[in-house]
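So for the sequence shown, my numbering puts the first residue at 1; every next one is plus one.
Careful, some of the hints might be misleading.
Restricting the straight-line Cα-Cα distance to at most 20 Å, the calculated cross-link-like pairs of lysine to aspartate or glutamate (DMTMM-like) are [as the list claims (entries may be wrong)]:
#	residue 1	residue 2
1	Lys-139	Glu-151
2	Lys-22	Glu-47
3	Lys-61	Glu-88
4	Lys-178	Asp-142
5	Lys-11	Asp-123
6	Lys-452	Glu-88
7	Lys-73	Glu-334
8	Lys-265	Glu-215
9	Lys-394	Glu-268
10	Lys-265	Glu-324
11	Lys-450	Asp-104
12	Lys-22	Asp-286
13	Lys-394	Asp-104
14	Lys-92	Asp-76
15	Lys-11	Glu-47
16	Lys-73	Asp-275
17	Lys-22	Glu-282
18	Lys-214	Glu-181
19	Lys-92	Asp-13
Have a look at the derived ranges for each label pair, beta carbon to beta carbon [as the list claims (entries may be wrong)]:
#	residue 1	residue 2	range
20	Phe-501	Met-66	33 to 41 Å
21	Tyr-290	Thr-237	12 to 20 Å
22	Arg-466	His-256	28 to 36 Å
23	Arg-466	Ser-246	47 to 55 Å
24	Ser-40	Asn-105	30 to 38 Å
FYI, nobody ran anything at the bench for these hints, they're computed from the structure.
The beta carbon of each residue, even a glycine, is placed where N, CA and C say it ideally should be.
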Amino acid sequence: MEFFEYIPTPKLDNVIMTGPFKKTVEGTLNISGHHLLLSSRKENNEELWLLHYYIDVVERKINSNMGGTLIIKCKDFRIIQLEICPLEEFNKIATSVEILSSLDNQTQLYPFFYRPMYPILEDGWTVFRPETEFRKLVKNEDWRITYINNEFQVCPTYPNALIVPKSIDDESILAAAKFREGGRFPVLSYLHESGCVLMRSSQPLTGPNSKRCKEDERLINSVLGPGKRGYIIDTRTQAIAQTAKSRGGGFEVEIHYPQWRRLHKPIERYPALLDSLTKLIEACSDSTMYMDKWLSRLDASTWMTHIKDTLDCACLVAQCLDKEGASVLVHGNESLDATLLVTSLAQIILNPDCRTVRGIQALIEREWLQAGHPFPRRVSHSVYASATANGRTKQNAPTFLLFLDCVMQIMNQFSFSFEFTTNLLIFLFEHSYCSSFGTFLGNCEAERVKLKLATRTASLWSYINRPEILPAYLNPVYEPNNSVIWPSVAPVSLVRLLISFLHF
1 MEFFEYIPTP KLDNVIMTGP FKKTVEGTLN ISGHHLLLSS RKENNEELWL
51 LHYYIDVVER KINSNMGGTL IIKCKDFRII QLEICPLEEF NKIATSVEIL
101 SSLDNQTQLY PFFYRPMYPI LEDGWTVFRP ETEFRKLVKN EDWRITYINN
151 EFQVCPTYPN ALIVPKSIDD ESILAAAKFR EGGRFPVLSY LHESGCVLMR
201 SSQPLTGPNS KRCKEDERLI NSVLGPGKRG YIIDTRTQAI AQTAKSRGGG
251 FEVEIHYPQW RRLHKPIERY PALLDSLTKL IEACSDSTMY MDKWLSRLDA
301 STWMTHIKDT LDCACLVAQC LDKEGASVLV HGNESLDATL LVTSLAQIIL
351 NPDCRTVRGI QALIEREWLQ AGHPFPRRVS HSVYASATAN GRTKQNAPTF
401 LLFLDCVMQI MNQFSFSFEF TTNLLIFLFE HSYCSSFGTF LGNCEAERVK
451 LKLATRTASL WSYINRPEIL PAYLNPVYEP NNSVIWPSVA PVSLVRLLIS
501 FLHF
C-alpha cells in the first residue's frame, strides 16, 4: 500500500483549529501517511501533531458550499475541530483522514516506520525476559521454567517461557493445558515471602458432565503445603460460570478439588466497561451541568463501581496470601482481562518493587503483555465509536485504563509509597492506545514474534528509561515502603479519577 494514494491534498493553508479549553489557531494543515499536522507561523500558538491511529471517529459537518468542519474525536477523549475551505478540499481531506485512521494492518502503523534519533542505551525488548523475572520472583527451588510452549502451539496467548512447579513434568503440563480454555494452564504470577503463591489460568473445561483432569488437579495441588487449603477466585458471577459450564467451560468441581474453596468475585468486562466509560466521558464533557446533577451522572456511569469491585477483589486476593497464608488461583473465562486486573493489582498491594518505575514496567510486561491481554483488539476503538460495521466491536474494552485508574486510587492513599507519579499512568494510557513504539502492538506474544517487533520497532521501555526522559515521571516525595499497603475501597476513599488529568 502506498499512502500517497489516499492523500490527494497533502497540504492546505488557512485551516482553523478549535477545541475545548484551546485557543483558536489558524495555520497550514499537512497530512502524511501517519500524521495530521497543523502549524501556525505565529509564536506561542498551539500546534497539532496527531497520529492518525489515535483518531476514534471522524465526523463531517458541511457549513455551506464554501466548506465544512471536520470533527475529530480521539481515543484519549479529545475533540478537535478543523474548519476547512473550500468544500472540495474539505471532502478530500475528510476522506483521507477516515481511511488513514482505520488501517487494520498493524504493519502499516507508525511504529514500523519510526526510527529513534537517540542511541538505545537499554534494549526494552529483552530487559524483562521471563528468565530475568524468574530470578526476581522465585527465591526457592520449588519452581522451574518450562519451554513447553516454545512454538506457541500449546497456548497461543502465553509466552514461550512459563514458571511452573518443579514437581510437575511437561507431560502433565500438556494434559492440564488441554483441560483449560485456550490452553491457559495454571502458571505462577507471584510468590509470597511466606511461600504461598498467586497463580492464574483460564476456566477448566469441565462441561455439563463435570469432566475432570487429574494432571490439572495435581498441578494446582502441588503448590499447597501439608494440611494447607487454597482459594480459587472466579471473576465471574456464579450464574455466568454455570452458563459457561453448560457450554463446555465451567469451574473446578469441589469433589475433585477438595483442598480449594471457590469464591465468586464478579468483575465486568467487554461492552459493559466501554459503555460505562462512555457515560463517564459524556458527563465530564458537559460543562452546563450543576454539581449535583454531575455527581448523579457520575454515579450512573458505574465507572466508580467497576473500580471498587476490582480493588475489592484484588484486596481479597492479597489478604488470602498475606493474612491467611493461603495460595490463590484466579481465573474467569479466557482470563485475558479481569484476571490480569486482579493479579497485577494484588502484586502492587503486596510487592513494593511493583511500586517503582521499573517494577511497574516489569509487571505490565509480565502480567499484561506476556500474559496475553489483546491490546490492539481492546483499543481499536474507544468511547466515541458506535456499534457499526466500522465502529466499536464487542472486543473493545478499556480494561487497561481501569487498571491504571485503580493504581491511581491506591497512589492517592499512599502517595509516598510510589516512585512514579500520575504522569506515568497517563503516559502508559496514551501509548497503549496509539504510540510511536511497538510495545503495545500484537494481541499476544506469538503475534509479536510473528510481526518481528523486537527488530522492526522501538521499545517504549527503551525510551522512557533514558536518563533525560525518566525524571519527568518520578515522584519527588517517594519514600521506599517495604510494607504491604491496604487501600480503602470505601466510596469516600475513591476520589479523583485518572481521566480528570486528561485535557479533553
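Provide an ascending list of the numbers of those earlier hints which the structure does not satisfy. When the structure is compared with the hints, numbers 1, 4, 5, 6, 7, 8, 14, 21, 22 turn out to be violated.
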